Amino acid sequence: MIFDEIYFEHHKMVLNIALQYVQNMEDAEEITQDVFIKVSKNIHTFKQNSSVKTWIYRITINQSLDFLKAKNSQKSNFLSSIFSLNDIKLKIEPTTFNHPGIELEQKEAYKKIFEAINQLSDNQKTVIILLKIEDKSQSETAEIMNLSIKALESLFQRAKKNLDILLNKKDNYEKNV
Amino acid sequence: MKKTSNINIEQVFDHLASVKKVEPSKDLYFKTKNAIKNQKTIPLFWVIAAACFLIAIVGVEFYTFSSKKNTFNQEISIVFPETNNILYHE
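Keeping their order, the protein sequence lines are chains U and S.
Numbering of the first sequence is given in our numbering, commencing with residue 1 and proceeding in unit increments.
Numbering of the second sequence is given in our numbering, commencing with residue 1 and proceeding in unit increments.
Please keep in mind that the hints were generated in silico from the structure rather than gathered at the bench.
Certain hints may be false.
What the hints assert, rightly or not - Beta-carbon label-pair distances, calculated as ranges: (1) 24/U x 10/S: 25 to 31 Å; (2) 37/S x 96/U: 51 to 57 Å; (3) 107/U x 48/S: 53 to 59 Å; (4) 106/U x 51/S: 57 to 63 Å.
Stated by the list, open to error - Over the 10 Å line for every Cβ pair with chain S, so calculated as not near, a few chain U residues: (5) 32; (6) 51; (7) 54.
These numbers were taken from a predicted model, which means no experiment stands behind them.
Virtual Cβ for every residue (Gly too), placed ideally from N, Cα, C.
Chain U with its partners taken away, still in its complex shape (with noise of 0.2 Å):
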């Protein structure tokens, strides 16, 4: 399969997932780059046991927590150098927000349910993501996480309850939506 027929098919794809990850575009135009290195790279050898298309969402799925991760040990390692803070656990929003699929009138209102789904565990979130932002089916959501329905249904759960309690110990976010 030739490199620009798959990234014009799923560049799209690529920016809005990673967008929901990091929720900036410099940030996912950033993944989505190097998700495409990556394709370009392993294309030779990828096997197909999986489509393409559930291939370039696992490498997504994975460039975007991995973004996450440096950017936060980045800043982390930053911060304690100068204030010396080691022993306090430090907690910092992941990136900064300014999603543009969102409008501008109700950016502050998203930006506090992102907060909620940032802390949330890395399978957590991406279950919400794919199922509640993407709107993808539980068992496409099943296949690009390597689940089973059962597990995906009860990682949901978890993951519902879990923002629930997030989002009701902060503001009311009833009157901000």
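Fit chain S to the known structure of chain U by using the hints.
Below, chain S without anything else, positioned relative to chain U:
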């Protein structure tokens, strides 16, 4: 109380579903292509050449070590001649 929070989470999901899809910029393709071009990858030819070179070095080392060992054995046998405890002209 619990019921209210459940409604909230469903509302949250409704709002998440309304996040709009974003169109990628046109120059993202060229940026990606450039990034792929600028990737510093070592060509396979050089990887194979380096591997052959290493194997050759190890081979030469092994050969010189084993030939040195033989010379040492010969020198030892000159100093201490081996006897086989067989009587001649028996």
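Going through the hints against the structure:
{"no.": "1", "hint": "24/U x 10/S: 25 to 31 Å", "verdict": "holds (27 Å)"}
{"no.": "2", "hint": "37/S x 96/U: 51 to 57 Å", "verdict": "violated (29 Å)"}
{"no.": "3", "hint": "107/U x 48/S: 53 to 59 Å", "verdict": "holds (55 Å)"}
{"no.": "4", "hint": "106/U x 51/S: 57 to 63 Å", "verdict": "holds (58 Å)"}
{"no.": "5", "hint": "32", "verdict": "violated (6 Å)"}
{"no.": "6", "hint": "51", "verdict": "holds (21 Å)"}
{"no.": "7", "hint": "54", "verdict": "holds (19 Å)"}
Checked against the numbered hints given earlier, the structure breaks hints 2, 5 and satisfies all the rest.
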